[in-house]
Amino acid sequence: MSILVLAEHNNAELNPATLNAVAAAAEIGGDIHVLVAGEGCSAVADAAAKVAGVSKVLCADGAEYANGVAENMIPVIMSVVDGYSHLMAAATTYGKNILPGVAALKDVAQISDIIRVDDAGTFQRPIYAGNALATVKSDEALKVITVRTTSFEPAAAEGGSAAVEAVGATGDAGKTSFDKSELSSSDRPELTSAKIVISGGRGMQDGSNFAMLEKVADKLNAAVGASRAAVDAGFVPNDYQVGQTGKVVAPDLYVAVGISGAIQHLAGMKDSKVIVAINKDEEAPIFQVADYGLVDDLFDAVPAMDSELG
Amino acid sequence: MKILVPVKRVIDYNVKVRVKADQSGVELANVKMAMNPFDEIAVEQAIRLKEAGTATEVVAVSIGPDQSQETIRTALAMGADRGIHVPASHDTEPLAIAKILKALVEKEEPGLVILGKQAIDDDSNQTGQMLSALLGWPQATFASGVEIAGDALKVIREVDGGLEHITSKMPAVITVDLRLNEPRYASLPNIMKAKKKPLDQVALDDLGVDATPRLSVVKVEEPPAREAGITVGSVGELVDKLKNEAKVI
Chain D
1 MSILVLAEHN NAELNPATLN AVAAAAEIGG DIHVLVAGEG CSAVADAAAK
51 VAGVSKVLCA DGAEYANGVA ENMIPVIMSV VDGYSHLMAA ATTYGKNILP
101 GVAALKDVAQ ISDIIRVDDA GTFQRPIYAG NALATVKSDE ALKVITVRTT
151 SFEPAAAEGG SAAVEAVGAT GDAGKTSFDK SELSSSDRPE LTSAKIVISG
201 GRGMQDGSNF AMLEKVADKL NAAVGASRAA VDAGFVPNDY QVGQTGKVVA
251 PDLYVAVGIS GAIQHLAGMK DSKVIVAINK DEEAPIFQVA DYGLVDDLFD
301 AVPAMDSELG
Chain R
1 MKILVPVKRV IDYNVKVRVK ADQSGVELAN VKMAMNPFDE IAVEQAIRLK
51 EAGTATEVVA VSIGPDQSQE TIRTALAMGA DRGIHVPASH DTEPLAIAKI
101 LKALVEKEEP GLVILGKQAI DDDSNQTGQM LSALLGWPQA TFASGVEIAG
151 DALKVIREVD GGLEHITSKM PAVITVDLRL NEPRYASLPN IMKAKKKPLD
201 QVALDDLGVD ATPRLSVVKV EEPPAREAGI TVGSVGELVD KLKNEAKVI
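Chains D and R are the protein sequences, given in the same order. Going by the numbering used here, the first sequence opens with residue 1, and the numbers climb by one from there. Going by the numbering used here, the second sequence opens with residue 1, and the numbers climb by one from there.
Warning: the hint list may mix true and false statements.
[As the list claims (entries may be wrong)] Cross-link-like lysine to any residue pairs, in silico, SDA-like; alpha carbons within 25 Å at most: (1) K175/D with L134/R; (2) K137/D with E109/R; (3) K219/R with K215/D; (4) K175/D with A228/R; (5) K175/D with E245/R; (6) K137/D with K32/R; (7) K241/R with D306/D; (8) K280/D with A228/R; (9) K137/D with I28/D; (10) K137/D with S144/R; (11) K180/D with S144/R; (12) K154/R with E109/R; (13) K32/R with P285/D; (14) K219/R with T122/D; (15) K273/D with D91/R; (16) K20/R with I28/D; (17) K175/D with P223/R; (18) K280/D with Q23/R; (19) K137/D with E237/R; (20) K215/D with L133/D; (21) K195/D with I249/R; (22) K195/D with P223/R.
[As the list claims (entries may be wrong)] A short, non-exhaustive set of chain R residues, derived as facing chain D with CB atoms under 10 Å: (23) D22; (24) V26; (25) N30; (26) M33; (27) A34; (28) F38; (29) I120; (30) Q126; (31) Q139; (32) D160; (33) L188; (34) N190; (35) N244.
Rather than coming from a laboratory, the hints here were simulated on the basis of the structure. A virtual CB, placed ideally from N, CA and C, is assigned to each residue, including glycine.
Given only the sequences and the hints, what does the whole structure look like? Please build it.
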């Protein structure tokens with residue numbers, strides 16, 4: 001059995017989500033190879049080679065891979081995937097965009113967003129936004145799998161010494177060109193990797209009030225998130241969104257401020273280790289999943305928390 | 001230009017799903033069903049392109065049991081021109097759906113296929129990407145902005161770190177994200193009119209697609225419940241508990 005893991009990266013650094021995908025691969029067992037396709041991405045290949053458990057890195061270097069355009073990534077994966085029993089990637093927008101096309105061209109089913117490995121062909125995955133968990137079995141010759149990163153502790157970034165092997169580039173498919181990216185820049189940790197997340201909901205009333213949360217977040221080295229209601233109301237951009245339709249997070253501490261706790265929001269945060277809810281409505285469903293609930297007006301509680309934290 | 005919009009009938013997003021006692025799946029009997037919310041956004045986008053004069057016809061497709069025709073009627077009431085129903089099991093997997101859609105695309109020859117990025121029942125997020133790979137068409141996934149100039153399709157994509165701007169050639173497959181638009185409600189006159197719009201049935205066999213499932217469901221279960229927490233009386237008590245009891249700050 002050998003497993004090919006698609007590396008996610010920005011040509012300079014390996015995205016840590018890849019380490020979670022490698023960890024899921026390690027639970028299946030067998031040789032783990034990592035494919036790095038990018039432009040001038042040798043540093044990424046070297047980083048992948050150091051990941052514990054990885055025995056080989058395949059590196060395809062070409063301008064057509066610079067921005068991870070799916071139509072260009074799929075051919076290079078197709079060129080190396082024969083012989084592998086599993087193809088895996090993190091269930092990020094990057095992995096979700098690329099892997100299904102490979103599955104279709106190989107005429108096999110994809111298993112999305114696995115949260116548990118039972119054996120080499122049996123996996124658990126959430127359905128209905130995590131309101132039910134399905135255990136599915138695949139007998140496909142190639143199992144194409146995306147991995148929910150928060151469900152697998154990352155593989156160690158150091159400790160491996162895999163060989164890096166060059167793979168021939170497959171050229172530009174000429175279907176889609178990448179124009180530009182608008183990545184949110186912030187000094188705070190990334191939502192999906194932060195140890196502490198503070199999210200605001202519709203109760204924040206206005207985007208400018210998120211400044212209160214940011215002050216507390218900075219004291220705790222926390223990321224700031226939001227519910228879909230807050231995003232829909234235009235308070236904050238969509239990349240803040242935690243929930244079924246946004247990001248899935250599982251930090252050590254999740255603080256939900258002015259969030260009622262719609263099913264779709266709970267789906268994105270209910271695996272957090274400790275959940276705090278601050279809401280003036282004591283009937284709010286968020287209190288049913290909270291370890292610590294505070295029934296209070298957030299405009300009193302958040303500033304008080306800020307001063308309490310010194 | 002014709003636009004094909006696949007729509008899926010799913011449990012209404014406001015309904016709390018219940019797992020069947022025998023763990024074979026979730027309870028669908030006597031549960032309120034509706035169009036997948038992401039597909040509503042796809043229908044809305046297609047209609048807007050028609051209203052802008054970019055598209056000439058919007059064809060709504062649903063693959064599933066007979067009741068899927070209700071979902072097609074919803075799309076017709078919103079403004080789609082005609083419907084195609086392919087009778088199939090509710091549990092048809094994304095790969096088979098993509099193959100069925102490919103066969104329909106070859107018949108209908110649309111310039112665009114616009115569909116939701118995922119269905120809120122199986123949360124697979126696969127069909128659009130699979131379809132574009134099978135067709136050899138460009139794919140513009142997770143779209144929050146769509147603009148067409150000639151045969152250039154400019155799409156803004158929602159990615160984990162923010163937004164991405166891409167330009168694809170047409171024909172293409174677009175999968176839509178939440179912020180693309182706000183779907184309209186169908187008015188009563190339009191719901192009445194939709195009943196008279198053409199809705200054809202196409203059999204799986206006529207499309208030459210084998211929809212046999214590739215995966216088997218071992219079991220479906222409820223997620224583990226969280227233990228009930230406590231209510232704290234003040235911010236001071238909260239911070240103290242987080243520091244000394246939970247030890248997370």
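Hints versus structure:
1. K175/D with L134/R: holds, 14 Å
2. K137/D with E109/R: Not satisfied, since the Cα-Cα distance of roughly 36 Å exceeds 25 Å.
3. K219/R with K215/D: violated, 45 Å
4. K175/D with A228/R: Judged against 25 Å, a Cα distance of about 52 Å means the pair is violated.
5. K175/D with E245/R: Status violated; Cα separation ~55 Å.
6. K137/D with K32/R: violated, 29 Å
7. K241/R with D306/D: holds, 16 Å
8. K280/D with A228/R: holds, 19 Å
9. K137/D with I28/D: Within the cut-off at roughly 13 Å; holds.
10. K137/D with S144/R: The given pair, whose Cα atoms are some 34 Å apart, is violated under the 25 Å limit.
11. K180/D with S144/R: Between K180/D and S144/R the Cα gap is close to 15 Å, so the pair holds against 25 Å.
12. K154/R with E109/R: It holds: about 21 Å lies between the C-alpha atoms, which stays within 25 Å.
13. K32/R with P285/D: holds, 22 Å
14. K219/R with T122/D: holds, 11 Å
15. K273/D with D91/R: violated, 34 Å
16. K20/R with I28/D: violated, 29 Å
17. K175/D with P223/R: violated, 41 Å
18. K280/D with Q23/R: violated, 38 Å
19. K137/D with E237/R: violated, 47 Å
20. K215/D with L133/D: Roughly 37 Å separates the two Cα atoms, so the pair is violated.
21. K195/D with I249/R: holds, 10 Å
22. K195/D with P223/R: Answer holds: K195/D to P223/R is near 23 Å, not above 25 Å.
23. D22: violated, 13 Å
24. V26: holds, 5 Å
25. N30: violated, 17 Å
26. M33: violated, 13 Å
27. A34: Where the cut-off is 10 Å and the nearest Cβ of chain D is about 14 Å from A34/R, the hint is violated.
28. F38: holds, 8 Å
29. I120: OK, holds: I120/R within 10 Å of chain D, min 7 Å.
30. Q126: holds, 4 Å
31. Q139: holds, 6 Å
32. D160: Holds: closest Cβ of chain D sits about 5 Å from D160/R, inside 10 Å.
33. L188: Interface hint status for L188/R: violated (26 Å vs cutoff 10 Å).
34. N190: violated, 25 Å
35. N244: violated, 12 Å
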